[in-house]
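Chemist: Sequence:
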Amino acid sequence: MVLHFVSVINFAVWKTPFKNLIVNGLVLASDGQKMSKRKKNYPDPLTVVNKYGADALRMYLCNSPAVRADSLRFKEEGVERVLKDVFLPWYNAYRFFMQNVERLEREEGIKFVYSDSKTDKPTNVMDRWILSFTQSLLKFVKEEMGAYRLYTVMPKLVKFVDNLTNWYVRMNRKRLKGDGGADDCYIALETLFSVLFSMVRVMSPLIPFITEHMYQNLKHLLESDSAKDSRSVHFLMIPSPREALIDAKIERAVSTMQSVIELGRIVRERKTLPIKYPLKEAVAISRDPAVVEDVKSLERYILEELNVRKVTTTTDKSKYGAHMEADVDFKVLGARLKGDVKKVVTAVKKLSSGQLEEFQQTGTIVVEGYTLEEEDLKIAYKFDSTADVTPDQYEAHSDKKVLVLMDVSPDQSMLDEGIAREVINRVQKLRKKAGLVPSDDITVFYKATGNLKNIITTFLDYIKTALKQPLSPYPVVGSMEKIIDESQKVKTDMLDLTIVKGHDGKDSGLVSCTVTPRLEPAPVKNGVKPACSYINVELIGCDPQEGVSGNQGTILLENPKSCMISSVEKLKEQMKLLFGLRGRRVDIFTDNSLTKELSDTTKVSSLNGQTIYLAPYTGAVTGLCAPPSVSTPYCHFANVNDKQMGCVLLENPRGQKFSVEEVHKQVQKLYNKDGIKLSQSADKKKPLSSASVKDVFELHSTTLYLS
Numbered sequence: 001m002v003l004h005f006v007s008v009i010n011f012a013v014w015k016t017p018f019k020n021l022i023v024n025g026l027v028l029a030s031d032g033q034k035m036s037k038r039k040k041n042y043p044d045p046l047t048v049v050n051k052y053g054a055d056a057l058r059m060y061l062c063n064s065p066a067v068r069a070d071s072l073r074f075k076e077e078g079v080e081r082v083l084k085d086v087f088l089p090w091y092n093a094y095r096f097f098m099q100n101v102e103r104l105e106r107e108e109g110i111k112f113v114y115s116d117s118k119t120d121k122p123t124n125v126m127d128r129w130i131l132s133f134t135q136s137l138l139k140f141v142k143e144e145m146g147a148y149r150l151y152t153v154m155p156k157l158v159k160f161v162d163n164l165t166n167w168y169v170r171m172n173r174k175r176l177k178g179d180g181g182a183d184d185c186y187i188a189l190e191t192l193f194s195v196l197f198s199m200v201r202v203m204s205p206l207i208p209f210i211t212e213h214m215y216q217n218l219k220h221l222l223e224s225d226s227a228k229d230s231r232s233v234h235f236l237m238i239p240s241p242r243e244a245l246i247d248a249k250i251e252r253a254v255s256t257m258q259s260v261i262e263l264g265r266i267v268r269e270r271k272t273l274p275i276k277y278p279l280k281e282a283v284a285i286s287r288d289p290a291v292v293e294d295v296k297s298l299e300r301y302i303l304e305e306l307n308v309r310k311v312t313t314t315t316d317k318s319k320y321g322a323h324m325e326a327d328v329d330f331k332v333l334g335a336r337l338k339g340d341v342k343k344v345v346t347a348v349k350k351l352s353s354g355q356l357e358e359f360q361q362t363g364t365i366v367v368e369g370y371t372l373e374e375e376d377l378k379i380a381y382k383f384d385s386t387a388d389v390t391p392d393q394y395e396a397h398s399d400k401k402v403l404v405l406m407d408v409s410p411d412q413s414m415l416d417e418g419i420a421r422e423v424i425n426r427v428q429k430l431r432k433k434a435g436l437v438p439s440d441d442i443t444v445f446y447k448a449t450g451n452l453k454n455i456i457t458t459f460l461d462y463i464k465t466a467l468k469q470p471l472s473p474y475p476v477v478g479s480m481e482k483i484i485d486e487s488q489k490v491k492t493d494m495l496d497l498t499i500v501k502g503h504d505g506k507d508s509g510l511v512s513c514t515v516t517p518r519l520e521p522a523p524v525k526n527g528v529k530p531a532c533s534y535i536n537v538e539l540i541g542c543d544p545q546e547g548v549s550g551n552q553g554t555i556l557l558e559n560p561k562s563c564m565i566s567s568v569e570k571l572k573e574q575m576k577l578l579f580g581l582r583g584r585r586v587d588i589f590t591d592n593s594l595t596k597e598l599s600d601t602t603k604v605s606s607l608n609g610q611t612i613y614l615a616p617y618t619g620a621v622t623g624l625c626a627p628p629s630v631s632t633p634y635c636h637f638a639n640v641n642d643k644q645m646g647c648v649l650l651e652n653p654r655g656q657k658f659s660v661e662e663v664h665k666q667v668q669k670l671y672n673k674d675g676i677k678l679s680q681s682a683d684k685k686k687p688l689s690s691a692s693v694k695d696v697f698e699l700h701s702t703t704l705y706l707s
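Numbering (the UniProt record's numbering), first residue to last: 1 to 707.
In short, the hints are calculated from the structure, not lab data.
It should be emphasised that the depicted structure is a prediction, and the values quoted were computed from it without experimental measurement.
For glycine and all other residues, C-beta sits at the position ideal for the given N, C-alpha and C.
Misleading hints may appear alongside valid ones.
Claimed, not checked - Cut-off 30 Å, straight-line C-alpha distance, at most; resulting in silico cross-link-like pairs (DSBU-like, lysine-lysine):
#1 Lys400 to Lys139
#2 Lys429 to Lys84
#3 Lys669 to Lys177
#4 Lys349 to Lys382
#5 Lys561 to Lys177
#6 Lys669 to Lys686
#7 Lys156 to Lys219
What the hints assert, rightly or not - For each label pair, taking beta carbons as the anchor points, the in silico distance ranges come out as:
#8 Ser599 to Pro628: 16 to 24 Å
#9 Lys342 to Lys453: 58 to 66 Å
#10 Asp120 to Thr458: 28 to 36 Å
Model the full structure from these sequences, guided by the hints.
Modeler: Put into structure tokens, the structure is as follows:
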């Protein structure tokens with residue numbers, strides 16, 4: 001009646017009843033009937049709001065068939081899913097960002113301030129991807145909302161939250177927590193802030209309360225006058241897309257990477273192989289060369305996410321003996337085919353791999369006069385024996401663009417590493433149970449039985465590095481304050497864990513020094529020096545932490561050439577990071593008598609070639625003797641020839657040797673380029689690989705070239 005009245009008035013005055021009309025569907029009870037107070041067939045709306053929040057209810061309704069003018073069967077569990085699958089991950093990403101902004105200021109002394117105009121376009125591929133994806137979303141929202149198509153917007157926003165939380169934040173946790181250094185951490189935080197700030201503005205009309213809460217905290221990190229009226233997010237305009245940040249190629253590459261990772265996870269789940277157990281190889285097969293190239297460019301992320309030793313890409317699946325076989329789903333087709341079911345089953349089993357590949361692309365196939373669809377057939381990959389492959393070696397899964405094979409053959413060393421990861425997981429869960437946070441100084445003591453004891457001993461450095469806290473065998477030092485202890489079963493062996501406060505009772509947070517043999521500096525070879533200025537660093541009077549071994553190291557003051565570390569303060573953080581002393585208190589000296597402390601006002605470039613000494617805090621340097629300074633780098637190195645000369649260390653600290661793969665990663669980070677290939681010759685005819693170099697020290701004092 002009201003709509004009719006408004007239409008008549010509008011037509012009489014403006015000659016048109018309305019410009020746009022949005023019609024919503026009916027919201028019914030969960031049983032499909034009209035909601036009725038008499039029948040009490042629906043939950044109290046106020047109870048739902050109080051339990052899950054008004055925003056969760058709004059999002060559930062906006063993402064329902066009701067906005068497409070269809071009927072919605074209202075289910076309270078649907079609102080709960082929105083809270084669990086969308087709001088909590090999104091809020092956790094926001095909270096994780098705020099925690100690391102605080103950590104950056106507390107540990108690094110760097111105050112985070114965001115300025116859109118002063119922020120450079122990042123070079124990290126994941127930063128570029130999430131920024132591109134954000135701008136593509138803004139563009140899509142603007143177009144669809146302009147056309148009054150709310151029903152297309154909400155699914156995209158939900159997908160965006162998944163990409164942000166389950167992909168970007170999870171895959172960049174270490175960067176955001178500062179493991180890659182303060183500069184890289186700041187860039188990652190800038191990227192995450194940009195995305196979160198865009199999200200709260202674009203989602204505020206749909207989700208007004210949680211976006212307002214986030215905005216009130218985020219706005220304090222903005223440079224002055226970045227927002228004209230900053231009292232509320234609802235006073236701001238929805239941001240316009242920045243077309244310059246949209247990179248369709250990167251979005252496509254990351255989408256391919258996600259497909260490979262998700263297919264690999266399905267294989268692991270099917271074979272009951274938890275992600276903590278490393279596997280030998282993942283093979284990505286596609287006829288599309290662009291897909292193969294995308295996988296190669298993001299190989300390092302696939303290695304980490306699937307926990308495999310190697311990723312192989314190819315366009316030829318025949319060399320792995322892989323072929324498709326199909327069978328009929330009798331539950332689906334039995335009643336429909338009736339007497340023809342045997343005839344169809346026989347024909348389906350004779351379908352070739354080529355026919356099944358076409359079926360995967362189109363979704364339909366005609367067999368014996370019947371049109372079969374995806375839900376009618378079960379497709380599996382089988383493997384023929386070849387010279388290099390046994391039928392049980394690989395397990396496969398595919399989507400329309402890529403086939404992923406996982407080498408599931410057992411390997412004892414990998415199984416042992418999986419157990420070591422499980423030990424790490426048990427310690428982390430115990431820390432959480434005790435209410436500890438990562439910045440709390442603790443020491444973990446353990447006792448293990450059977451083979452578990454040998455595994456922990458073998459992977460001790462690996463476990464320490466992951467925990468970033470001291471790990472020692474029983475007995476517990478009597479003077480230390482116990483926080484929590486627990487006995488657990490790991491496979492067939494027992495593991496006793498005790499977490500105590502502090503590090504061996506020392507104010508500095510450093511454990512007492514064991515006798516660590518000093519190593520001679522790397523030899524001078526043909527008079528070659530590092531292309532970049534450097535310092536040697538020596539740890540005196542205490543042991544390195546976080547699984548680091550060795551108390552001598554080298555830090556490059558510039559890398560590439562002319563890109564100098566900006567301050568002594570940042571240099572000090574790098575020194576502590578080198579020996580696993582992040583967040584610890586140490587004294588830093590420029591002389592081996594340990595009397596001249598390194599001043600924050602010192603010009604970084606003036607330290608070139610010197611040896612710097614780190615010692616425990618609070619006067620513990622009494623009686624310590626440091627070796628004299630040397631005139632050459634402690635660590636083996638190789639120079640890198642590009643537009644700007646650079647340098648990579650082949651070990652650091654001294655004795656902690658890198659692999660060829662880690663050298664590649666150093667160069668990728670150095671020049672901010674993914675997928676870099678290195679050559680040992682200027683003509684690019686001698687590619688650097690693990691096969692071409694048996695010992696990474698063979699590269700000492702040589703020059704590597706980007707190919």
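Chemist: All the hints need checking, so say for each whether the structure fits it.
Modeler: Do the hints match the structure? See the list:
1. Lys400 to Lys139: OK: Lys400 and Lys139 at ~27 Å, within 30 Å.
2. Lys429 to Lys84: 21 Å, holds
3. Lys669 to Lys177: This hinted pair holds, its Cα atoms lying about 17 Å apart.
4. Lys349 to Lys382: Holds: Lys349 and Lys382 sit about 13 Å apart, inside 30 Å.
5. Lys561 to Lys177: 27 Å, holds
6. Lys669 to Lys686: Between Lys669 and Lys686 the Cα gap is close to 22 Å, so the pair holds against 30 Å.
7. Lys156 to Lys219: 25 Å, holds
8. Ser599 to Pro628: 16 to 24 Å: 21 Å, holds
9. Lys342 to Lys453: 58 to 66 Å: 59 Å, holds
10. Asp120 to Thr458: 28 to 36 Å: Given a distance of about 44 Å, which is not inside 28 to 36 Å, the answer is violated.
Violated hint for the displayed structure: number 10, the only one.
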